[in-house]
Amino acid sequence: MTQPPGKPLRADARRNRGKILEAARAQITLHGPDVGMDEIAAAAGVAVGTLYSHFPTKVHLVASVVSEFLAQMADRSETAAAAVRDGSPAYTELTALLRDIVIATATNQAAKAAAAALDADEGDASDLQRGRAALQSIIDQARVDRAVRSDLSIEDFYLLVSNIPAGQPTDTLDRWIDLFLHGIAARRADTTSTPV
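The sequence shown begins at 1 in UniProt numbering and counts up one residue at a time.
Hints are computed from structural coordinates only; laboratory data are not their basis. It is possible that some hints are incorrect.
Quick list of simulated restraints, FRET-style, between CB atoms [claimed, not checked]:
id, residue 1, residue 2, range
1, 126, 162, 18 to 28 Å
2, 48, 159, 39 to 49 Å
3, 48, 171, 34 to 44 Å
4, 159, 33, 23 to 33 Å
5, 38, 78, 16 to 26 Å
6, 82, 128, 14 to 24 Å
7, 79, 18, 15 to 25 Å
8, 162, 59, 21 to 31 Å
9, 100, 159, 37 to 47 Å
10, 128, 88, 20 to 30 Å
11, 59, 170, 27 to 37 Å
12, 18, 170, 23 to 33 Å
Bear in mind the structure is a predicted one, so any value in this text is a computation, not a measurement. Every residue, glycine too, gets a C-beta built ideally from N, C-alpha and C.
Take these sequences, add in the hints, and give me the full structure.
Next up, the structure:
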């Protein structure tokens, strides 16, 4: 919504914005990047004018969907990193984080593809940095704990996550997660114990 910087949205405007973002995510997933703004507004239960007052173009809307996704993933990564600092096993937190990332990515894959197709900005760099720093700290601790391969890097993790199978049933995603975890688990040369 176009308004002075720093001024918070009214409660009804926040609700409408949230409904629009959720509807956009769902409609883009169902119909691809060519879905009309009027269809998104109808799915959100708002007037087209309300949609345009928040997002002047589809590029702005799609960029906001992707940006929100990245912020949520950064928040989730920071929560997992905080749990590790508080004593939770790094491998346990990494596994739970991976599952959350897979589920969230599977439901947001179409929006990310639409952002690329529309050449939309894919989010706030600070969210990417926050998520990366949190994930790096978890991976570092998992390596110290000898729960993951000693040569596992954050780039390896990103490479694997970038290949999350989109549009697959839950059992396929679960199998993919199991294979991913097996691939990053500590090898015998790294440790004699295996992650649980």
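Going through the hints against the structure:
no. : hint                   : in the structure
1   : 126 to 162: 18 to 28 Å : holds (21 Å)
2   : 48 to 159: 39 to 49 Å  : holds (41 Å)
3   : 48 to 171: 34 to 44 Å  : holds (39 Å)
4   : 159 to 33: 23 to 33 Å  : holds (25 Å)
5   : 38 to 78: 16 to 26 Å   : violated (37 Å)
6   : 82 to 128: 14 to 24 Å  : holds (19 Å)
7   : 79 to 18: 15 to 25 Å   : holds (20 Å)
8   : 162 to 59: 21 to 31 Å  : holds (23 Å)
9   : 100 to 159: 37 to 47 Å : violated (19 Å)
10  : 128 to 88: 20 to 30 Å  : holds (24 Å)
11  : 59 to 170: 27 to 37 Å  : holds (32 Å)
12  : 18 to 170: 23 to 33 Å  : holds (26 Å)
Hint compliance for this structure: hints 5 and 9 are not met, and every other hint is.
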